[in-house]
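K.L.:
Here are the chains, one letter per residue:
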Amino acid sequence: MADEAFSLPRIPIGDGVDAAVSFLRTELSGFFNAVQTVFGASVEAMEWVLMLPPPLVFAAIAGLIGWRLRSWQFGAFAFVAFSVVDSMNLWDETISTLSLILIATVLAVIISLPVGVLAARNDTVSTLVRPLLDFMQTLPVLVYLIPAVLLLGIGTPGGLAATLIFALPPGVRLTELGIRTVDKEVVEAAEAFGSSRNRTLMRVQMPLALPAIMQGINQIIMLALSMVVVAGFIGAGGLGNEVVRSISRVEVGTGFEAGLAVVILAIFLDRLTSVVGQPERNKSKQDA
Amino acid sequence: MIRGEHLYKVFGPQARKAVDLFEQGWTRDEVKEQTGALGAVIDADIDVAEGELFVVMGLSGSGKSTLVRMINRLHDPTSGTVEIDGVNVTELDGKELRDLRAGKVSMVFQRFALFPHMTILDNAAWGLETQQVDKDERYEKARKALSTVGLDGWEANYASELSGGMQQRVGLARALATEADILLMDEPFSALDPLIKRDMQSLLIELQSELRKSIIFITHDLNEAMRLGDRIAVMKDGRIEQTGEPDEILSNPATEYVAEFVRDVDRSRVLTAANAVQEPLATLSPDTQPRAAMVQMRDHEAPELFVTESDRTLVGAVRDDDVAEAAKRGDRTIRDVLHHDYGQTGEDTPLGHTLLDAARYTLPLAVVDEQGRLVGVIPRVTLLSALANRDVLAEDGDPDANGSGPPDAAELAAQAANDGQPVASDGQAHSRGETTTGETPAEEGAHHG
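In order, the protein sequence lines correspond to chains A and B. Sequential numbering from 1 applies to the first sequence in the working numbering. Sequential numbering from 1 applies to the second sequence in the working numbering.
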């Protein structure tokens with residue numbers, strides 16, 4: 001038949017993925033168990049630390065940080081906003097989400113910085129890493145949520161893994177970009193005076209790439225936040241759970257409250273991280 | 001001190017093959033078409049002596065920056081060797097190379113390439129930081145280097161707060177702080193305003209007279225090359241067209257390209273009195289009797305002559321009327337009728353600075369050495385010819401002239417070419433005032449003056 005002659009044979013990509021996942025589950029279960037434990041424990045530890053101060057004290061500390069790093073207006077906003085979160089009875093959920101985000105961010109930075117540096121130094125690494133990053137960012141989130149659950153189980157660890165995969169790419173990209181766009185002549189000058197590659201990296205390239213790197217970290221945090229609700233589907237806890245539950249029960253009001261808490265976290269973290277990236281001198285110039 | 005031999009730098013694919021083709025005499029375009037590789041530097045030889053300021057000059061794309069980067073291996077040569085003090089730089093491993101860059105060879109960049117996130121002091125101390133010199137010592141040396149370039153008090157500032165000229169002073173201080181013997185300067189002053197540029201050139205000349213570094217200085221500015229260079233290499237399309245002293249390049253361009261290039265140079269600044277000086281065929285002793293002096297002056301149709309002691313110390317000049325007067329009075333010598341109405345200059349004075357004196361007096365310019373002894377004279381016509389690039393320079397006192405120049409020139413030449421020594425008897429006008437082009441030497445000289 002003509003139809004059959006022109007149709008390509010079915011390539012079993014999906015079967016391969018199935019096989020890979022079940023292989024990972026059976027053969028590397030020890031590794032994934034360890035990861036599960038570490039992920040869960042680190043988020044819990046962070047949660048414990050953040051829960052230490054009572055909500056109002058926490059809000060005051062947030063306000064203080066906002067004031068010192070940005071302006072007194074931002075400090076006042078932070079204090080009021082966190083107080084509102086507490087008054088909505090969403091404190092525990094918010095802290096739980098914040099913990100997940102912070103741990104995800106720390107892990108993402110730990111992974112993306114060295115990868116970004118490698119990609120900046122080596123064109124081969126760069127060309128290999130780029131499609132992988134595209135893949136991580138564009139693959140529909142729910143598609144890797146399932147394997148995350150299969151490998152790391154329902155709850156925080158799976159949610160953290162999914163968040164990590166989604167939030168990692170801008171960290172790598174902006175680190176690479178930042179280092180690659182440091183003035184070539186400046187790097188050459190560093191080397192012309194006998195600087196080793198590591199010294200050039202730490203003393204010249206990284207400091208000059210810092211604004212871009214901080215922008216990457218800012219992006220990581222924002223993407224992590226946007227994953228919170230999705231992670232709620234697999235019981236990662238926090239505000240995500242709250243949103244998912246209110247949606248399933250069609251409780252528009254509670255859903256909005258949870259959403260508002262996410263927005264407050266987003267604004268606070270975004271404004272804070274976007275100011276840290278600017279070098280001291282520029283800041284003083286802006287003031288002047 | 002620094003010696004580069006058969007240096008090639010080829011960018012792109014099949015670099016080795018490209019070198020082979022170049023060695024077989026292919027041109028840059030042919031090789032590019034055949035292999036797709038770009039020959040940035042092709043078979044370059046350089047040899048820089050200790051304490052020499054060696055200028056590599058060429059237009060953009062001529063390969064001069066690439067050439068200098070092969071010295072400290074910011075670019076690895078595709079082929080050829082670089083030797084510094086007998087050490088083959090091309091074979092150094094990573095650590096040895098870093099030591100060389102930190103201790104022996106430092107560099108100044110066209111766009112300054114300062115570290116914007118560090119203070120001026122940290123910038124200047126960079127070469128010492130890479131050597132892991134401790135903080136106190138490196139800051140002390142950096143402060144000293146900054147002071148050498150006139151930047152006291154700016155240590156705590158950032159580069160963005162400094163003007164271009166000051167930024168390059170920091171660049172220079174950074175290079176000086178390591179006390180390297182060799183300075184590579186890649187168009188260091190090209191990004192500066194003309195006035196600042198002149199200042200920086202003067203600073204460099206001043207520093208160099210004290211420090212005597214071996215400097216390789218890249219520029220596309222011929223006047224800068226001529227002003228600074230002890231020797232100059234002219235590059236074109238990756239090849240060195242000619243290497244020589246500035247006046248050699250000017251007066252004896254090896255190729256059409258070099259000749260074209262030097263056509264517009266301001267000769268009045270490059271050429272010095274020493275380049276145009278001629279042997280005074282006649283001088284008088286102050287003890288000459290007036291009558292004897294008159295005879296000599298008449299013989300050479302010279303209305304005026306220089307008077308020197310027996311050790312050639314210049315004591316003055318005499319005019320024929322005055323000598324005649326003295327003879328009438330019965331003076332025993334011409335000592336009483338000496339005058340000093342003539343221009344006098346040192347051997348190193350740029351010709352441009354002598355123009356005024358040359359115009360003011362009828363006598364040729366007297367060129368004297370540091371002890372005041374007469375080295376020679378520069379007749380006005382010779383001066384103008386030198387500035388206009390007539391080949392009078394090459395002749396260097398060879399009296400084959402026939403007085404075909406303009407009347408004024410012939411007259412001056414006659415004055416210059418007199419004969420005091422009893423044996424010498426060549427009284428011919430000692431100049432060549434060819435005016436083959438429409439432009440007279442005088443006019444051309446005026447442009448440059």
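Worth flagging that the hints you see were computed from the coordinates, not collected in a lab. From the three backbone atoms N, C-alpha and C, an ideal C-beta is built for every residue, glycine too. Certain hints may be false.
Pairs of lysine-lysine residues, derived as DSSO-like cross-links and limited to a Cα-Cα distance of at most 27 angstroms, are as follows [claimed, not checked]:
no., chain 1, residue 1, chain 2, residue 2
1, A, K184, B, K104
2, B, K32, B, K17
3, B, K328, A, K184
Partial list, derived from the structure: chain B residues whose beta carbon lies under 8 angstroms from chain A [claimed, not checked]:
no., residue
4, L74
5, H75
6, T313
7, G316
If you only want the chain A side, here are some residues facing chain B, beta carbon under 10 angstroms, derived [to be verified]:
no., residue
8, E44
9, D86
10, R180
11, R197
12, R271
K.L.:
Work down the list of hints and note, for each, if the structure agrees.
P.N.:
Results for each hint:
1. For the suggested pair K184(A) and K104(B), the alpha carbons sit about 23 angstroms apart, so the restraint of at most 27 angstroms is met.
2. Pair hint K32(B) plus K17(B) holds up; C-alpha atoms about 11 angstroms apart against a cutoff of 27 angstroms.
3. Using a Cα cut-off of 27 angstroms, the hinted pair K328(B) and K184(A) is violated, with the two alpha carbons roughly 83 angstroms apart.
4. Contact between L74(B) and chain A, as hinted, is supported at the beta carbon level, the nearest pair being about 6 angstroms apart and thus within 8 angstroms.
5. Taking 8 angstroms as the C-beta contact cut-off toward chain A, the hint placing H75(B) at the interface is violated, the least distance being around 10 angstroms.
6. With 8 angstroms as the threshold, the beta carbon of T313(B) stays out of range of chain A, its nearest partner Cβ sitting at about 52 angstroms, so the hint is violated.
7. Hint on G316(B) is violated. Least Cβ distance to chain A is approximately 57 angstroms, over the 8 angstroms limit.
8. Proximity of E44(A) to chain B is violated relative to the hint, the smallest CB-CB distance being about 39 angstroms (cut-off 10 angstroms).
9. With a cut of 10 angstroms, the hint placing D86(A) at the interface with chain B is violated, because the nearest CB-to-CB distance is about 41 angstroms.
10. For R180(A), the shortest C-beta to C-beta distance to chain B is roughly 17 angstroms, which exceeds 10 angstroms, and the interface hint is violated.
11. At about 9 angstroms, the closest approach between the beta carbon of R197(A) and any beta carbon in chain B falls short of 10 angstroms, and the interface hint on this residue holds.
12. Proximity of R271(A) to chain B is violated relative to the hint, the smallest CB-CB distance being about 24 angstroms (cut-off 10 angstroms).
In terms of the numbered hints stated before, the structure departs from hints 3, 5, 6, 7, 8, 9, 10 and 12, listed from lowest to highest.
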